[in-house]
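Residue numbers (UniProt numbering): 1 to 531.
Because the hints were derived from the structure by calculation, they are not lab data. Predicted model only: the values in this text are computed from it and were never measured. Heads up, a few of these hints could be off.
[What the hints assert, rightly or not] So the derived label-pair ranges between C-beta atoms look like this:
id, residue 1, residue 2, range
1, 247, 286, 42 to 52 Å
2, 89, 17, 30 to 40 Å
3, 483, 360, 34 to 44 Å
4, 54, 455, 22 to 32 Å
5, 251, 455, 44 to 54 Å
6, 417, 289, 21 to 31 Å
7, 211, 364, 51 to 61 Å
Glycine is no exception: its CB is placed at the ideal position from the N, C-alpha and C atoms.
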Amino acid sequence: MTVLDERVEVPTPRTRDSLIRWWLLCAGVVVLLRTPFINVPLGIDEGGGSFVARAWGSTDGSMYGGSWLDRPPLLVLVYKIGVLGGDLGVRLVGMVAAVLLVAGTMAIAQRISGARAARIAGILTAVMTSSVVLGAVFTDNELIASVPATYSILALMRARDAVVPHRWLFVSGALATCALLVKQSFAEVLVAGAVFLLVSGVTRARSDFRWSWLGWWLGGVATPVLVTFAWFEAYSVGVRGFVYAAAGFRLDSIAEITGAPQGAGFMLVRLGLPILIVSGCVFLVPWSVAWLVRRRADPQLVLPLTAWLALGFLAVAGGGNYYPHYFIQPVAALAVLSGCALAVTGRRILASATAALVLVLAVGNVAVGTTLQTVNPPQQRTLAVADYLQSNARPDDTLYVLYARANLLYYADMTTPYPYSWTQMVRTVPNAEERLRDMLRSTSRRPTWIVEWQEATIFGMDASGETRRLIAKHYVGVDEICGKQVLIRRDEAARTLRKSSHGECATLDLPRHLGPSESRTPEDSADYLWQ
């Protein structure tokens, strides 16, 4: 299909066997780096996603039944599979995703730059997708979405070299949409596919472009969308609600974050930049750019890959929040492109220094992470409160966490009458605060238990004081666990309750420059690393 400017030799059986052995070695590195954290309790997004997925048995006219989630259904389906095995099952999903990413990046690098590039890309992917600083040792949305995104690019590269590219274009389009149905910020592979077709059309003398290519790719893009909409129709899920959850809410959230006293720019400099440096990502960017510039004579190759890398970073930068796991999104592109550059560079000393630095940071990540586990056990407050609730709750009891702690709902294993389980939802969704107050006023929907995880006035909420008045009127405090007040309905206060046996929770304050102080309560500062 395409005349390559720098043709890569077709791998011999011996080379293929060697690459398979290297992939197995890299998979071993993934397992080795992730194993120390395999039993770390699920974080907020992991636990919250698992909570929604575990209860996802019917839709009741909305996407996820009684829960509202700003994530597409494919992500919840993956968590649904993982949570069948409990915490370990969710963790193993992340491990499998990392191993698949290694295979995907190796295959892309081999196809565009040869076996040496594939080996370098493989080891870079292994260490970067098992980074504590990036939160990649856990099973976050970005890690899961990176798998279909990376294989979409691989299918695009296969289409580029194929005599009949139609099926590869279809697969690329379908996988690109699947990535979006996991996390809606992963639009870069859709753009990469569109750029590929545009460049192929402009250079049709070289590419042998046919308009049927566009049809096959669009067919692939549309197929997962049609399946999703068929599901909406079958279960009476409103399309309007899905569009708001997937797109409208994200735009409203960005506006909310940008308007905060310490907005996106502050977060990017104080949190995002340190993460890029300590994770090693920033040291791979110059190599990636250098390789793209070097291959600029082949726009059909370079421009889609540029879109993959650049829009991945843009998606992170445009989000407004810069939690560590957000930076997983461009890792696969960085690994492929920097692997290709390091494989052909004549600057051996600089290349060796870069590789050594990334590996040292990877080992340091594990060392720091295991030390922090001992000094300040992850999610210790969440588990302590959940243990108390499980010891005292009755089968029909319900729980609300003010304003949110999604993984507490998972570990307490109780239903909640309030659909919004993340603080950003309460801040952003129209009338969310009023719905909370309506719930507190209702004798039938008022939850049995409330955990005051955050102050009622955090982020400027409850300006009128109505939420605090309703809680004071209808609830009474029964215990304080690791600084978190646990309350029960006044009409249930006569119960005999077991006191918490949990001792004082360890506290490890992070430096203030790692993020805005109001983004977390002070005693949770160490938990910020375990999001």
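Against the structure, the hints:
1. 247 <-> 286: 42 to 52 Å: violated, 34 Å
2. 89 <-> 17: 30 to 40 Å: holds, 32 Å
3. 483 <-> 360: 34 to 44 Å: holds, 37 Å
4. 54 <-> 455: 22 to 32 Å: holds, 29 Å
5. 251 <-> 455: 44 to 54 Å: Violated - the Cβ-Cβ distance for residue 251 and residue 455, about 27 Å, lies outside 44 to 54 Å.
6. 417 <-> 289: 21 to 31 Å: Taking Cβ atoms as reference, residue 417 and residue 289 lie about 51 Å apart, which means the hint is violated.
7. 211 <-> 364: 51 to 61 Å: holds, 52 Å
Hint violations for this structure: numbers 1, 5, 6, all remaining hints satisfied.
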